[in-house]
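Those sequence lines, one after another, are chains E and R. Counting from 1, position 99 in the first sequence corresponds to residue 99 in our numbering; the numbering is continuous, with no gaps. Counting from 1, position 66 in the second sequence corresponds to residue 1066 in our numbering; the numbering is continuous, with no gaps.
Here are the simulated distance ranges between beta carbons:
no. : chain 1 : residue 1 : chain 2 : residue 2 : range
1   : E       : Leu43     : R       : Leu1578   : 19 to 25 Å
2   : E       : His62     : R       : Leu1683   : 51 to 57 Å
3   : E       : Arg98     : R       : Leu1578   : 36 to 42 Å
4   : R       : Trp1062   : E       : Arg98     : 53 to 59 Å
5   : E       : His62     : R       : Leu1578   : 38 to 44 Å
6   : R       : His1547   : E       : Arg98     : 38 to 44 Å
Hints in this document: simulated from the structure, not taken from any laboratory. All of these numbers come straight from a predicted model, not from anything done at the bench. Idealized CB from N, CA, C, for every residue including glycine.
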Amino acid sequence: MEALFAVTLGILTTSGVYLLLRGRTFSVILGLTLLSHAVNIFLFSMGRLQQGSPALIGFTDHPGDPLPQALVLTAIVIGFAMTAFTVVLALKAAVELRSDHVDGEDPNEDRL
Amino acid sequence: MKLALIFLLPLVGAFLPLGIARKSSWLLASCAALPALASFFLLVSLTPDLLAGQVLIQTWTWVPSLGLSFSLRLDALSLIFALLITGIGCLILLYARFYFDGKPSAARFYALILIFMAAMLGLVMSENLLVMLVFWEMTSLVSFLLIGFTWKSRDARRGARMSLAITAGGGLALMAGLVLLGLEVGSWQLSEVLAAGDQIKASESYGLMLVLILLGAFAKSAQFPFHLWLPHAMAAPTPVSAYLHSATMVKAGIFLLMRLHPALADTPLWLDLVTLAGMTTLMLGAFVAMFMHDIKGLLAYSTLSHLGLITLLLGLGTPLALAIALFHLICHAFFKAPLFMMAGYVDQLTGSRDMQRINGLWRYYPLLTLLSGLSAAAMAGLPLLSGYFSKKMLFAESLAITQPFWAAGLLPVWVTVAGLFSVAYSMRIFHNVFFNGRPVDLPNYPPKPLLKKALLPLIPLVLITLLIGLWPDWLFKHWMLPAALAATQVSLPEYDFTQLSGGWPLYMSLFALIGGLAFYAARGPLFAIHARLPEVDAKNIFERSMHGLTDWTRSLVYNLENGSLQRYLALILMTCVLLVGWSLQGLSSWQGSLAMTPLEPGFVLGCLVMAMAAISVAKIHRHRLPALLLLGVIGLLITLFFARFSAPDLALTQLSVEVMAVVIMMLALSFLPQESPQESTKLRKTRDLLLAGGVGSLVGLLAFAVLTRPFSSISDFFLAQSVEGGGGTNVVNVILVDFRGFDTLGEITVLGIAAVAVFAFTRELHLKERVTSNLNLQGVAEAHPIILSVTARLVLPIALMVSAYIFLRGHNLPGGGFIAGLITAVAFTLQYMAGGLVWAQERMRTQFRPLIGAGLLIATFTGMGSLVLGYPFLTSTFGHFDLPLLGEIELASVLLFDLGVYAVVVGATLLILGNLGRLMTVAGPGKEVG
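Next up, chain E with everything else stripped away, as it sits in the complex (with noise of 0.2 Å):
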């Protein structure tokens, strides 16, 4: 299941990289978000991959992790925040610079 695990997690980040790369903005947020899931993910995986042990106190006998989620839930709150703001920067670049390519100039891609 690790092994799927880590596929599927590298897969998802090798998407969000791409899209990360591409010229707009759009793009760029797609990418962001789908980065953010991988590194969610990927933090949360580091306190392992349990079933049916919530970190509730009596619930069961082994608990898992507490600590990667309790950092995962605040990521995933703050990721929240910053895609909107994100989002609202590329809204006023494109208003402002009218082109919503990431260099704020329209397709003029940069050599290699």
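Starting from the known structure of chain E, arrange chain R on it as the hints suggest.
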């Protein structure tokens, strides 16, 4: 305190001249000389004790953890340097009075010279190596300002830049060397470093240390090949050249070599490096000086050669050689300063510094002729003058050398030939300027008259030269020997000056004298040959290489930072992959020792769908709406993932966040183009794919490597303390509001800030084009379907109740402020969607920004409550209460904190959503929300 006063007086006094810039030139000069004189007499008052062998050390603690203390040290060695710095400094100030004579820039000059004096004094009096370094850099900086004093001239600017580049570059090397030295010894205190000489010389890094320190010292003292800056620094006003480039700054490197003598000197490496550098500089300077037509140029190269001579003596490594070096250093300061002053006057009075034109000035300035003649004779080493003895001591010392083999035979010949050249150039500067026929084509002819009193600053200097010539043994016995003792901790016997009056030293100096005169006599043909040699302008070469360097760095920067986000991200990611990959080299296998858990069909299915969705998002990202929908699918799968792997809190959070994130992106999409143009080239896509694949594989492999290895966590503490200390069974929530409450407080603050930033951005945003572009009026009519709005109204109270329940139980069961806040926000979002912004806004009683503020305040005050009761910030307490109707209930103070979290989450989320939504109302941006 006395020690600190010595260098503080000039430093503080530097502001004095600035205050009275417009007053008479005498007042100005006296004000500038006052602090320098005070320092000088302070030193004089300490002189008898110091020469008797006393060492004064004063320490003020600065940064003890770094071994940094502000310590000053005054012993016989630093005393001699300090006396030279202040004494000659006073005369230079007097000289500047005549040189600048009422020019408005004089005040600036006095201030800078005083600051420079303070820096030099601090340098020679430092007891801590790091403090010394600070003063060292300070002299470099101030000398940059002084050389570039007439900044309107191109030469001055270039000369200043060159000297700064070389001396400050050397300073960097010196810093590295001194840090190594300090690390080896374990202290930066000079006394401890000097006592650890054997340990240092035996250490592995001795060679590196020595080379670095020598780089710094050589750059400062203009030793070959760093000598280039000194001749070009002659663009400075003459008082600066006389002070910095004869008496003080160039001697700083020499001082360092003397100071660190016990720690570094007297090893084969030292001997080779220092002696060779000294020999080369000595010969080069002496030879080139003869051919300089510029008076100051000649003096600059002769200074080079004398510095080389001193360095050469230091390279020999014996205490006696050091004493002789110091002796020569003093002689040089006293005969070179008057010559510089003379050059300055001649330049001003005749309007030229070219010795091909300046001839026969003795008719106009007889007294100046006499004073310069004496100084030049001392420089040539004529009998009965100071230079005579230092040069013969050098000859005697060169004969005494037996090791290494190359020096034994070569050194006497070498110094004799250099002595010959020095006679020739001394002869030239005297004879050529004051005799040699009549002036040729001078800009000011006849030359302007020179005031008698303008010669005042030269007289004491020449007198001292004469006195040293009369009583060299007194100077050596009472000054050099204590200084050598202070520098090397070795007590030398008295020097027998009678041995110099016969034998080889005499023949060598005779040979040098006669040869030098002959060389000078043959100057006509020699100049002709020299003129035919190709001219190499070091300044141009330096400038060109500097320009090359800046052009190269500029193009490098432009290539790295071309303003393209894509380029930056690619570079960052590439670096990341390389660094992480490189540091993982040591990993023998990815898979660890733990066995993998068996696969389950549900998990496999989920993973497959997620992977396919992720790939598809990347593939169809140009069709934005479908890509966004797929992203939503992934978010929901992540929710399921959390739910499956025992994280109910996360699942709840992710679910509510996912809804709102997609809504927000949907809103944004309605303003943006629906499709991305096809613009990336094949090559570009491949590169990005490779890069992304690299990052992805690395993350995946890392996760795999960690997951298959044994696991240990610090969470046992939290699990054990959760009920007992935090009063809750939901450990995740207890961590959030209790154990790591401070973190959470920070996080909700960030959330609030992000929301307010979104608010601020949308406030000024006018989306003009939207209404005309893709608005379907039919759709608008049905924007708020009746079924939806009715259902939404029904759902609201239920949703609020659920969120209240989730909030209250959060401490013990999945839930809490974050989740409850998100659920509330989703419920309200539904109202916006169903009823429209205006409709919802009219019914909303609370403004969002105050809500965020209130939430932050509640959370903070809850934390401070524990402060009032004498516990640390955010200490929690809890108790069980019997409430009517509800039965027993546990109330914890963290519930209040969680309420703050709840308020911030609700406020922030709705502030973001409301304002984004406002932008897309049909009527265009209406009144701002929140």
